[in-house]
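Below, each chain spelled out in residue letters.
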Amino acid sequence: MNKNLSRFDALRIDDSASVTRSFDRQALRDWCQLAHIAAEWPEVPEPLIAGLFSYLLGEELPGHGTNYLKQHMQFHAPAQVDEPLTATVTVTRLRDDKALVNLETRCTGAGGRLICEGDALVLFQC
Amino acid sequence: MTQPETEAQPRQALQKMQEEFVLTQEDFNRFARLSGDHNPIHVDPEYAASTRFGATVSHGMLLFTVLRGMIEAHYPGARLQTQNLKFPAPTFTDQPIRVTLLVEAEQPGRVELVTQITQQERLCLDGRCCVALAEELPR
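As you go down the protein sequences, you meet chains A and B in turn. Under UniProt numbering, think of the first position of the first sequence as 1, with each following residue one higher. Under UniProt numbering, think of the first position of the second sequence as 1, with each following residue one higher.
Hints are not guaranteed to be accurate.
[Said to hold, decoys possible] Think about it this way: if two alpha-carbon atoms lie no more than 25 Å apart in a straight line, the pair counts; the simulated BS3-like pairs of lysine-lysine are: (1) LYS70(A) - LYS98(A); (2) LYS70(A) - LYS16(B); (3) LYS16(B) - LYS98(A); (4) LYS86(B) - LYS70(A); (5) LYS86(B) - LYS16(B).
[To be verified] So, partial list: chain A residues that the calculated Cβ filter (under 7 Å) puts toward chain B: (6) TYR55; (7) TYR68; (8) PHE75.
[What the hints assert, rightly or not] Short, incomplete list of chain B residues facing chain A, as computed with Cβ under 8 Å: (9) LEU34; (10) LEU85; (11) GLU112; (12) VAL114; (13) ARG122.
In short, the hints are calculated from the structure, not lab data. A virtual CB, placed ideally from N, CA and C, is assigned to each residue, including glycine.
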């Protein structure tokens with residue numbers, strides 16, 4: 001086994017990481033500036049929900065060294081301002097010949113309401 | 001900024017929307033604060049200079065943010081139903097990015113778009129989305 005893949009080799013199917021965070025009106029205003037949107041945005045925009053997944057992938061599972069290749073998302077319900085959102089990523093497939101990791105990505109809101117589900121593919125070579 | 005319409009198909013006149021933006025290091029920093037993703041490859045120019053990229057690269061979801069803003073500009077109040085994203089190449093600060101939305105299919109209340117971002121002819125974001133138009137949405 002390639003010793004450079006030791007961090008990859010420590011990954012297991014069903015490994016999972018979660019984060020809970022909410023976005024306030026100021027966060028939405030800051031986001032609108034980056035998106036070149038002049039108006040107030042009524043709900044948590046999809047890229048901030050996606051950002052919860054990218055935070056988890058880049059910082060927690062697999063972590064630093066992750067190269068984000070693909071993300072698919074299906075949005076089921078809008079997320080509200082100040083609503084606690086819990087994002088979870090779970091390893092579903094490991095391809096050690098290419099250091100590729102597939103993960104399920106899921107975000108729920110208040111009362112476990114499904115906000116977004118999908119999957120991600122990352123390269124984890126370090 | 002005219003582009004040859006190489007993808008024109010007889011079944012319908014494809015609508016293509018394009019706009020250029022420039023992302024700065026401060027934009028990367030602001031997205032890091034918003035998302036909590038302070039990975040040094042995005043926010044630490046000195047560290048990033050020592051990596052294979054040679055400079056800081058954009059968060060993928062900051063690119064998605066710019067793309068989402070452009071969808072809002074053309075389809076106000078619309079909601080994304082699905083979004084696929086691929087990130088085939090890194091995106092750097094201070095070089096213009098070109099965002100393209102291409103209408104692939106239209107149905108009542110719904111549109112499917114090809115979504116792309118290029119920087120200096122490199123495809124940096126390659127995606128596709130389904131958008132529910134505002135008049136069809138319960139508010």
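Now for the hints, and whether the structure bears them out:
{"no.": "1", "hint": "LYS70(A) - LYS98(A)", "in the structure": "holds (15 Å)"}
{"no.": "2", "hint": "LYS70(A) - LYS16(B)", "in the structure": "holds (24 Å)"}
{"no.": "3", "hint": "LYS16(B) - LYS98(A)", "in the structure": "violated (36 Å)"}
{"no.": "4", "hint": "LYS86(B) - LYS70(A)", "in the structure": "holds (4 Å)"}
{"no.": "5", "hint": "LYS86(B) - LYS16(B)", "in the structure": "holds (20 Å)"}
{"no.": "6", "hint": "TYR55", "in the structure": "holds (4 Å)"}
{"no.": "7", "hint": "TYR68", "in the structure": "holds (5 Å)"}
{"no.": "8", "hint": "PHE75", "in the structure": "holds (5 Å)"}
{"no.": "9", "hint": "LEU34", "in the structure": "holds (6 Å)"}
{"no.": "10", "hint": "LEU85", "in the structure": "holds (5 Å)"}
{"no.": "11", "hint": "GLU112", "in the structure": "violated (14 Å)"}
{"no.": "12", "hint": "VAL114", "in the structure": "violated (15 Å)"}
{"no.": "13", "hint": "ARG122", "in the structure": "violated (15 Å)"}
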